[in-house]
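Colleague: Fit chain B to the given chain A structure using the hints.
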Amino acid sequence: MSLCQSLFDVIADYQLEREEQIVKVVTIHVGPLSGVEPTLFVRAFNLLKGQTIGEQAVLRIDVSPIKVVCKLCGSESEVSANRIICSQCGSWQTTLIEGDQFVLSRIEFMQSR
Amino acid sequence: MCGGCGCESKKESSLNTDFRVDVVNMAEDIKGKNAAVAKTNKALFDAHNVLVINLMSSPGSGKTRLLEETLRRLKHRYQFAVLEGDLETENDANRIRRHGIHAEQIATGQGCHLDADMVSTAIGNFELASLDVLFIENVGNLICPACFDLGQHKNVILLSVPEGDDKPEKYPIMFRAADVMLITKTDFLDFVMEFDVSRAIKSFNSVGDNAPVLEVSVKDDERFNGWLAYLTQIIDTHLSNQTRQHR
Chain A
1 MSLCQSLFDV IADYQLEREE QIVKVVTIHV GPLSGVEPTL FVRAFNLLKG
51 QTIGEQAVLR IDVSPIKVVC KLCGSESEVS ANRIICSQCG SWQTTLIEGD
101 QFVLSRIEFM QSR
Chain B
114 MCGGCGCESK KESSLNTDFR VDVVNMAEDI KGKNAAVAKT NKALFDAHNV
164 LVINLMSSPG SGKTRLLEET LRRLKHRYQF AVLEGDLETE NDANRIRRHG
214 IHAEQIATGQ GCHLDADMVS TAIGNFELAS LDVLFIENVG NLICPACFDL
264 GQHKNVILLS VPEGDDKPEK YPIMFRAADV MLITKTDFLD FVMEFDVSRA
314 IKSFNSVGDN APVLEVSVKD DERFNGWLAY LTQIIDTHLS NQTRQHR
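Protein chains in written order, with the working numbering: chain A, 1 to 113; chain B, 114 to 360.
A portion of the hints provided could be inaccurate.
To be verified - Cross-link-like lysine-lysine pairs, in silico, DSSO-like; alpha carbons within 30 Å at most:
(1) A/K24 / B/K146
(2) B/K146 / A/K67
(3) A/K67 / B/K152
(4) B/K267 / B/K152
(5) B/K155 / B/K267
(6) A/K67 / B/K188
(7) B/K188 / B/K152
(8) A/K71 / B/K152
(9) B/K146 / B/K188
(10) B/K332 / B/K315
Honestly, the hints are just simulated from the structure, not real lab data. What you are looking at is a predicted structure, and each value in this text was computed from that prediction instead of being measured.
So that you can see chain B by itself, here it is in the shape it has in the complex:
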């Protein structure tokens, strides 16, 4: 058996000479059950040509505000829906609904992340056949959400200027999961002199991630348009690939 990941599954059952003890060796991936449900979720999304984007960050980094502005600008171009995850309240789902977008809320109670089972249950509330993109706004948390695959196609990780530029190296599991890192609230750069964008990028690279980094502010058209350009490119690419596969 591989000493690292347990890639070779092996079961042995041996009886100790003390017949009261039974030792069973195995290599069970504990995240395997969640991974299996995530795979089923993804297959369902692919069957309906829906691009699923998982937004993750600490609380208050601007996920919901980013979504609101994104949806306001692109809702006439694509069909969107949003799945919100929070411990309590429907506040974020209500904010999305005000833009005329279908939003469902998962209240996790004491759960600090979404998992594949939760998403699998929630999917039934969406008309997937009519959607182009489903955003999943995960629970605000820089640790646990990255450990649970949901069946998404892309992970978008937010790092806001007020949080500091060294968060990637402090939370490597989360930032390694990024397909793109958004440095949000860049309108604060003039006031938070300690935040250095190049240091944040270096911190991101130090956890072995070479994904793109975009500076974003909902109050700055030029910086926001950079995010929109990236987003529309991945949406169009996904929809185009899905169309080719179904021919």
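Excised from the complex, chain A in its bound form:
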């Protein structure tokens, strides 16, 4: 719910410039390590949207993979959330390069009637 409220706060900044428009579609880009669980987040979004950005708003979620670079062999790997180890050499000494982001990437507005 807190993460959802944070999203609404950011959207509100964009709504300030568009008083006669309503939010139709919100697209976010999240990684599995962001703390955003898509199924639950959609529920929270739909539960709270009526009090904030409007009942008509729809949420789309793009989920990115988790990618790491190995500190030992330098390889990049796509990994799972509970097995963040290098797929080439098996080392757990890795640096995350993708997978923890929570980014608002697109808002579609429509003229209110």
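Modeller: Coordinates of chain B only, in the frame set by chain A:
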């Protein structure tokens, strides 16, 4: 724009040929506002040379008990204060106050974690100039607290023996945030035969974390002294670095 993290901020506004639709593309980090407040918090802590340590774990892992014993043993050596976070009650803050340590309680209501705004508001109740260390005991929860930077310098994550040795891989976001993992309640090892310390360490490593792991029990001086040695080392290092920067 980077397809992963949105590192290149780009705003476009284009009008669809249907003039009723306006599409705006951006790359707004939703946690950015909290991150900005956390950065301000940290700057304030640094301005007063205060080391801030965020304790996180599931409920009942022993955070408050760890603090009580730590403060009892070290309060004559350093100036401590504690910021407690719980949904309800001041129980934990009261336990700390009995040791003569200043403690403030944040009651989050239905909030399952502390965030930077809450800490920013609470900081005003402390005399930061007189402190060496501020412990933040976060809300007991293995998920949300790790997602909200508070402005702390270190994250200490507790995993108690009764919880099981596979929790790190089940809760990777939390355990990846650790600067040190404490395996607490090790006095239960003789009774909880299923818990294997080496498996817990392997589980911790499998989420890509190579932070140190310490076994701790408030009932075992040798194991508790290991935690105290680690803690005093990071405190002294922090205070020494801060002193050098202010020369």
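Colleague: Of the hints stated earlier, which fail here?
Modeller: 6, 9
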